[in-house]
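The hints should help you fit chains B, C and D with the ligands onto chain A, whose structure is shown.
For reference, the chains in residue letters:
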Amino acid sequence: MALSVDYVIKETSTNIWRNRMVALAAMLTVALSLTFVGGALLFKQGVAKATARWEGGVQLVVFMETTSTPSESHAILSQMVGPNIPSVGSKPVAPGSGGMPQVKSVWHCDQACTYKEFKTLNSDDPTITAVTKPSDLPQSYRVQLQNGNQAPSVARLLNHQPGVQDVVYPSKAVSDLLRLSKFLQGVSFLIAFVLLVAAIVLILNAIRLAIFARRKEVSVMKLVGATNWFIQVPFMLEGLFQGVVGSLLAWGAMALGTSKFESLSNNNPFALTQALTISSHDVFTTGLLVVLLGAAIGAGGSAVAVRRFLDV
Amino acid sequence: MALSVDYVIKETSTNIWRNRMVALAAMLTVALSLTFVGGALLFKQGVAKATARWEGGVQLVVFMETTSTPSESHAILSQMVGPNIPSVGSKPVAPGSGGMPQVKSVWHCDQACTYKEFKTLNSDDPTITAVTKPSDLPQSYRVQLQNGNQAPSVARLLNHQPGVQDVVYPSKAVSDLLRLSKFLQGVSFLIAFVLLVAAIVLILNAIRLAIFARRKEVSVMKLVGATNWFIQVPFMLEGLFQGVVGSLLAWGAMALGTSKFESLSNNNPFALTQALTISSHDVFTTGLLVVLLGAAIGAGGSAVAVRRFLDV
Amino acid sequence: MIRFDNVTKTYKGSVVALRDANADIQKGEFVFLVGPSGSGKSTFLRLLLKEEEPDAGRIWVAGKQIGKLSSWKVPYLRRNLGCVFQDFRLLPNKTVYENVAFALQVIGRPRHVIATQVPQVLELVGLAKKTDRFPNELSGGEQQRVAIARAFVNRPLILLADEPTGNLDPGTTQGIMKLLDRINKTGTTVVMATHDVVIVNAMRRRVIELDHGSVVRDQARGIYGYGA
Amino acid sequence: MIRFDNVTKTYKGSVVALRDANADIQKGEFVFLVGPSGSGKSTFLRLLLKEEEPDAGRIWVAGKQIGKLSSWKVPYLRRNLGCVFQDFRLLPNKTVYENVAFALQVIGRPRHVIATQVPQVLELVGLAKKTDRFPNELSGGEQQRVAIARAFVNRPLILLADEPTGNLDPGTTQGIMKLLDRINKTGTTVVMATHDVVIVNAMRRRVIELDHGSVVRDQARGIYGYGA
Ligand SMILES: Nc1ncnc2c1ncn2[C@@H]1O[C@H](COP(=O)(O)OP(=O)(O)OP(=O)(O)O)[C@@H](O)[C@H]1O
Ligand SMILES: Nc1ncnc2c1ncn2[C@@H]1O[C@H](COP(=O)(O)OP(=O)(O)OP(=O)(O)O)[C@@H](O)[C@H]1O
Ligand SMILES: [Mg+2]
Ligand SMILES: [Mg+2]
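Protein chains in written order, with this note's numbering: chain A, 1 to 312; chain B, 1 to 312; chain C, 1 to 228; chain D, 1 to 228.
Excised from the complex, chain A in its bound form (with noise of 0.2 Å):
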């Protein structure tokens, strides 16, 4: 079955262009749809970066010095949970009597556990990653609070204690941010669904147009024992075509997008956009994302026509 390379090019460049306002419309629609998941995803991965530590509800980390001793570590431990508990781990433990009132619950992350979290942070940065030794790093008491609004009060209590290097707890902008992040997800997510649905609908016409304008080459190419699989291979790589230079698009929109919403947040300091990082390796890793679902699309939609409309 000699399917030459130059009479699907030449069947499968003729569909496009004989359809070329319904194919644009649906690459353009691919393109919109994709740039708005890949948006939601890189925005969800700057924020998960951004808030890494604050997963969980922790509300309150007690960093130790690296030269800290163990009675050291034990001391703020029991100040927090009590005496009756000697050691927690990296599972959250609620504390015993003496503890203090305002606290929820203590975990514990050691040495390796803060290397893991801070190469996350650093993702887009291997230079540091790499200079940096899970030793050079601070152990910590991560704390979830009755109530977030104690955070202050509290990390004033444990902070300057012997061994400790520094108490934080999230700022306004950070919560807020993790408050906003989901609902601009979901309204991003609803929206490319929406667009995903347009897309594949436009790719399915225009296969069905391109089926259509054929009809009587189909008949023909049936008639004299064309294989279905030669008279359907020009139309299915159309619509791959199209799914394909639509998530190009999109990668070519979300890299710019990108590109120009650092430069803004880089002018503008308002809390919220700086405390968002996207590398560009983040970048990449979803524009291969999406440009799979751009074939998937495309040839998802195309097989749906083809199955259908030729009937072959």
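For the record, the hints were derived by calculation from the structure and aren't laboratory data.
Incorrect hints may have been included.
Claimed, not checked - With a straight-line cut-off of 27 Å between C-alpha atoms, the simulated BS3-like cross-links for lysine-lysine are:
#1 D:K94 with C:K12
#2 A:K10 with A:K216
#3 B:K182 with B:K44
#4 C:K27 with C:K178
#5 D:K27 with A:K216
#6 B:K182 with A:K44
#7 A:K216 with C:K12
#8 C:K130 with D:K64
#9 C:K94 with B:K10
#10 D:K94 with A:K216
#11 D:K12 with B:K216
#12 D:K68 with D:K27
#13 A:K10 with D:K94
#14 A:K182 with A:K44
#15 C:K94 with D:K12
#16 B:K44 with A:K182
#17 A:K91 with A:K182
#18 D:K129 with C:K12
#19 C:K129 with D:K12
#20 C:K50 with C:K27
#21 A:K216 with D:K130
#22 D:K64 with D:K50
To be verified - Simulated DEER-style distance windows between Cβ atoms:
#23 B:P70 with A:R156: 53 to 61 Å
#24 D:A56 with C:K73: 50 to 58 Å
#25 A:V168 with B:G82: 36 to 44 Å
#26 D:Q174 with C:N22: 26 to 34 Å
To be verified - Looking from chain A toward chain D, a few residues come up when the C-beta cut is under 10 Å (computed):
#27 V131
#28 S219
#29 G225
#30 T227
#31 I231
Quick caveat: nothing in here was measured; it's all calculated off a predicted structure.
Just so you know, even glycine gets a beta-carbon here, dropped at the ideal spot from N, CA and C.
Chains B, C and D with the ligands only, in chain A's frame:
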């Protein structure tokens, strides 16, 4: 030419049902694109309202007491633009010799002007505008500076002078908002434009498919002498229907989005969102505009389709 | 009723379909249009329907010169012209009754007119008992009767038929010819393009022969061809 | 070469198109399929092409029972069956040469095979001088010759023809029949559905008559009908 209503309704609904997938995609895309158009317009209105006072590059406003005397007013003016300029009107005037070197230009906003601005700023609260008379409001000097950073120092110089009620300049948030809004509006309109193209193509396609599905009927109609009008009307109504339904969905999304936005900005007092207020009156007028746009898109798309593909 | 006055029609691609054709057909005549394939018979009929425009010459239908007709008046011209084709052109998802009624509905005839005229014409073509059948439940001959009923239900002045028996067997063909003859007897002018030697020779009506777009013979009570 | 074994075919809508039909056609035969409109002739041919599936009975083509054929093998079945129709089915935007070459291209024949076989078959059907014409620049008879060339270029075992002369005038029809006869003489089995009394009676080949889907006559050197 009896074009009976039930005939037209029956034909139109049959058409839509037959290609319900494409019709749905068209309507959703119209809805989404018009949501972006409407959203961008509302945002623009919100920003314009929040920043009405700062239009045209005004960087400082000197409000005089309502009880201030003309000589007090004149003294302030002289201090800014020098003794050689006895008075300024609603056109900006540059300072002469003896004026402040930091000032670039000054214009005067009398009580009528202030009242007008007041009404704009409070258009969502008619009870306030009803009980306020122009004479309750202060006249003011609007000042453009050589350099926006000097606003605080200039304000300190002018404040507490006799007859001066207050000197205000835009906060960081407002000036950020002004810059950000330009960018976001641009992006919104770009997205809306792409989507509008997609929506029109989808409507065109829905009509094209409807015409194609009925090509036998249409050819018989032509043969037995049905008028062009009779043949076209159901198809054109189909496009109109899609445009109008899509735009009503957009209206709903805008209303929902606005209320969601308000509740969000009430909970999270960012300077950014807090500065914006969008009245339900704005939503209503923008909604009407959006429906008109949707009707135009639907009618236009179907008219083109009928012209191109019906060939009557 | 129909007059062609030096009519020439060239399709794009410089195919000359009619060349300086002249013809004059009176009310109530029955005319066969014969000639080899591609000689311009279908073009002759399409020009009457104003589906195509002539390049030169003038055409009169029912006393009006149709070259001067503005395009919005074309539908009204077509209401005077019933049309029947080789491939029937019935709507497959409508019953016999609905197919015929459709022709009246779409020109805006009121419901009571439709309710009286459709059964009447179905009676005439002999399908009074099959009003609720769908086209694919009928034989080819019966389908062509439905098509004739649809063409005739509006009582047109002229009935055009383009190879109406091209798909039919000889027995069925005879029945259709009898029907057309009966319609002709009501005063309707009938113009029929055909290749069927048997029926042309049997009916002995006026024959207009085309060849390469020219009228080469116009003979009252003629036969299919000198040679055939 | 072709065998129908108690074949019944019912279309949806309970139209019985073939009823318990039996036929056995040997290699190299020339068979006319006759019968009134709707008697099942086209259905007979469509079943051979596996465009339709029988409801009951078995069909053999070239020694294979095609009911057992999996759907991806259908294209290979069709390469053994050339097909010609009343309406030619040529591609209007391709020249004569391209129309014929297309049939070889789409089944993946290499370029040099196409370059030798297409001129050869165009020579056979007498169109060697019109290779660069487009279909609408040809007469109906010439167009049908192109269609026959396309059906025959792949040297199929069997040529199926569904009313191939239905649109043609008597003179042209004769030419086409001579061509089909010549193709038959090369050893190709020809099965032709037709309404044309004149050619069936003139050729005197095997005649299979269908009526309401049943084979009512199968006669060597037959005529169109007893009555006609
Ligand atoms: N739409 C068209 N575009 C270009 N050429 C056309 C068109 N329709 C017809 N022709 C050409 O015009 C000529 C006359 O065609 P026409 O259909 O009138 O012939 P006819 O006598 O009806 O033939 P037949 O007996 O085959 O129906 C032919 O050469 C044909 O190829
Ligand atoms: N796709 C279809 N769906 C439903 N019924 C059909 C279909 N095709 C054919 N029929 C019916 O099957 C019967 C046989 O049709 P067929 O086309 O085989 O007859 P034929 O002998 O070829 O007739 P003709 O001489 O008119 O071409 C007819 O009653 C026809 O209405
Ligand atoms: Mg013709
Ligand atoms: Mg048939």
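Okay, the hints, checked on the actual structure:
1. D:K94 with C:K12: Status holds; Cα separation ~16 Å.
2. A:K10 with A:K216: Given pair K10 (chain A), K216 (chain A) holds - Cα atoms ~18 Å apart, limit 27 Å.
3. B:K182 with B:K44: Between K182 (chain B) and K44 (chain B) the Cα gap is close to 9 Å, so the pair holds against 27 Å.
4. C:K27 with C:K178: 19 Å, holds
5. D:K27 with A:K216: 31 Å, violated
6. B:K182 with A:K44: 24 Å, holds
7. A:K216 with C:K12: 21 Å, holds
8. C:K130 with D:K64: Distance ~42 Å between K130 (chain C) and K64 (chain D) Cα, so the pair is violated.
9. C:K94 with B:K10: 15 Å, holds
10. D:K94 with A:K216: Judged against 27 Å, a Cα distance of about 12 Å means the pair holds.
11. D:K12 with B:K216: 21 Å, holds
12. D:K68 with D:K27: 22 Å, holds
13. A:K10 with D:K94: The hint holds at about 15 Å.
14. A:K182 with A:K44: 8 Å, holds
15. C:K94 with D:K12: Distance of about 16 Å is within 27 Å: holds.
16. B:K44 with A:K182: Holds - the C-alpha atoms of K182 (chain A) and K44 (chain B) are around 25 Å apart, at most 27 Å.
17. A:K91 with A:K182: Judged against 27 Å, a Cα distance of about 26 Å means the pair holds.
18. D:K129 with C:K12: Holds: K129 (chain D) and K12 (chain C) sit about 22 Å apart, inside 27 Å.
19. C:K129 with D:K12: It holds: about 22 Å lies between the C-alpha atoms, which stays within 27 Å.
20. C:K50 with C:K27: Holds: K50 (chain C) and K27 (chain C) sit about 20 Å apart, inside 27 Å.
21. A:K216 with D:K130: Holds, because 22 Å separates the two Cα atoms, which is no more than 27 Å.
22. D:K64 with D:K50: 13 Å, holds
23. B:P70 with A:R156: 53 to 61 Å: 56 Å, holds
24. D:A56 with C:K73: 50 to 58 Å: 57 Å, holds
25. A:V168 with B:G82: 36 to 44 Å: 54 Å, violated
26. D:Q174 with C:N22: 26 to 34 Å: 31 Å, holds
27. V131: Hint on V131 (chain A): violated, closest Cβ of chain D at ~61 Å, above 10 Å.
28. S219: 7 Å, holds
29. G225: 4 Å, holds
30. T227: 5 Å, holds
31. I231: Since chain D brings a Cβ to about 8 Å from I231 (chain A), closer than 10 Å, the hint holds.
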